[in-house]
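A.B. asks: Line by line, the protein sequences are chains A and B. Residue 772 in my numbering is what sits at position 170 of the first sequence, and the numbering runs on without skipping anything. Residue 31 in my numbering is what sits at position 13 of the second sequence, and the numbering runs on without skipping anything.
Simulated from the structure, these hints should not be mistaken for lab results. None of the values given here were measured: they were computed from a predicted structure. The C-beta atom is built at its ideal place from N, Cα and C for all residues, glycine as well. Where hints are given, some of them may not hold.
Looking from chain A toward chain B, a few residues come up when the C-beta cut is under 7 Å (computed) [unchecked claim]:
(1) G641
(2) Q651
(3) F658
(4) T718
(5) L720
(6) Y738
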Amino acid sequence: MSESELIDRVIAGDPVAERALYDLHVDRVYRLAYRLAAGDRDLAQDFTQEAFVRAFDRLPEFQRRSALSTWLHSITVSVSLNGLRRRDRHTRREADLEEASLVPGGAREAEPDLKTRLRRAIAELPEHYRAVFVMYDVEGYTHEEIGSTLGVPVGTSKARLSRAREKLREALAEFAGEWAI
Amino acid sequence: MTDDRFEEFLRSAVHDLDPVPDIPREEMWARIDEARRFRRPSAVPAEPAIGPAKAGRRWRRWAVWPVAAAAMLAIGFGIGRTTGPDRATPEQALAAGDQPNAPATVTDRIEEESSRRVVSRGEPRRAGTRSASGPAESEREQPADAVDGPYRLAALWHLSRAEGLLTSVAVGEVDDQVADWAGEMLTTTRLMLDSPVAQDPRMARLLEDLELILVQLASTTAERRDDELQWIQQGLQTNNVLPRLRAALPADRALIGT
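Please build the complete structure, drawing on both the sequences and the hints.
C.D. replies: And the structure:
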């Protein structure tokens with residue numbers, strides 16, 4: 603059965619077709635959500651679930667001018683970024699409280715390794731840069747795919763990638779010895 | 019040159035980043051399927067468009083009456099209890115507001131509601147089956163019209179209020195009180211689900227869909243309302259809750275005092 607027929611059946615309310623579409627796309631959706639969530643499994647799971655529920659709900663609005671995967675990935679990015687924003691607001695509130703209760707002169711944080719620093723630096727990228735970086739450099743999407751998914755021109759995708767790498771370079775400056783030879 | 023080296027370094031570092039763990043496909047699917055179960059299309063005609071001004075009037079109108087609806091229902095239950103066969107079930111106690119460890123997020127609450135509903139599917143909700151046999155059995159599958167008196171009047175009264183609320187929600191005319199009002203109506207809806215009016219399968223399904231919408235509305239917070247409202251509106255549309263509510267109400271609302 604073609605993907606288009608599956609879509610028709612999902613729109614008609616067929617749960618078996620929903621499962622078939624899910625099986626076709628879940629791996630890439632989860633990978634994308636996992637990377638955007640900076641390796642947080644629970645968040646990735648929540649984002650994946652929400653993305654599929656939202657996609658199935660909105661499937662009648664899918665115009666079929668682009669690939670379903672592109673449309674699904676754009677929902678995943680949107681759900682993930684919204685979810686991260688909510689999480690960040692919550693974390694900030696908690697951090698403010700924690701900071702207020704900390705005694706000055708506590709133990710200094712241990713020097714993080716490259717992996718930890720990189721993970722953190724990616725998580726701290728502005729969200730549009732992060733989405734492009736994760737999709738291009740981590741998950742191997744093309745700029746054309748990123749452009750369609752995020753609804754931006756290819757040039758914008760390239761520019762954002764360049765800015766993302768610049769910021770990562772600043773964030774990883776202490777490891778400069780490994781590339782600036 | 020340095021740029022190229024940095025890109026090479028970055029690619030290598032990214033490659034060494036945590037691998038994606040095993041994907042919990044079945045676990046995620048179970049939750050998606052549960053959430054979708056109540057959103058899949060049904061064969062009810064689409065909801066007619068309503069202007070915001072009219073919706074605003076309805077919003078004000080429904081907001082005045084929840085206490086009266088609860089009172090009507092209480093009368094219904096009072097009569098039902100004095101003539102009914104048995105004492106309240108644990109579900110009724112829960113519906114009356116005793117809900118320890120209430121989940122915090124919309125998703126959690128939907129899950130909780132869904133799982134409760136899954137349980138109730140195997141053992142359908144009906145007040146008439148408080149005891150396993152006898153008169154309760156004979157009350158099963160009665161159409162709503164056969165349930166007379168205070169129960170039915172209270173149900174129609176409640177559905178009329180719910181229609182006002184959901185109409186306002188459908189057109190985005192809500193304010194900060196929406197979560198409180200939805201919470202009150204949710205309690206009443208659950209009481210309805212345990213009353214004889216839920217013996218009518220159509221009414222029971224309508225009340226269950228209404229319950230799910232109210233759970234989501236009751237969980238909305240001011241800062242996330244826009245996102246959540248959008249989702250709720252989609253759920254309303256997908257399940258045709260409003261047209262079904264309207265179809266359940268008599269054409270002459272004066273009959274139920276609204």
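A.B. asks: Which of the listed hints are not met by the structure?
C.D. replies: 4 and 6
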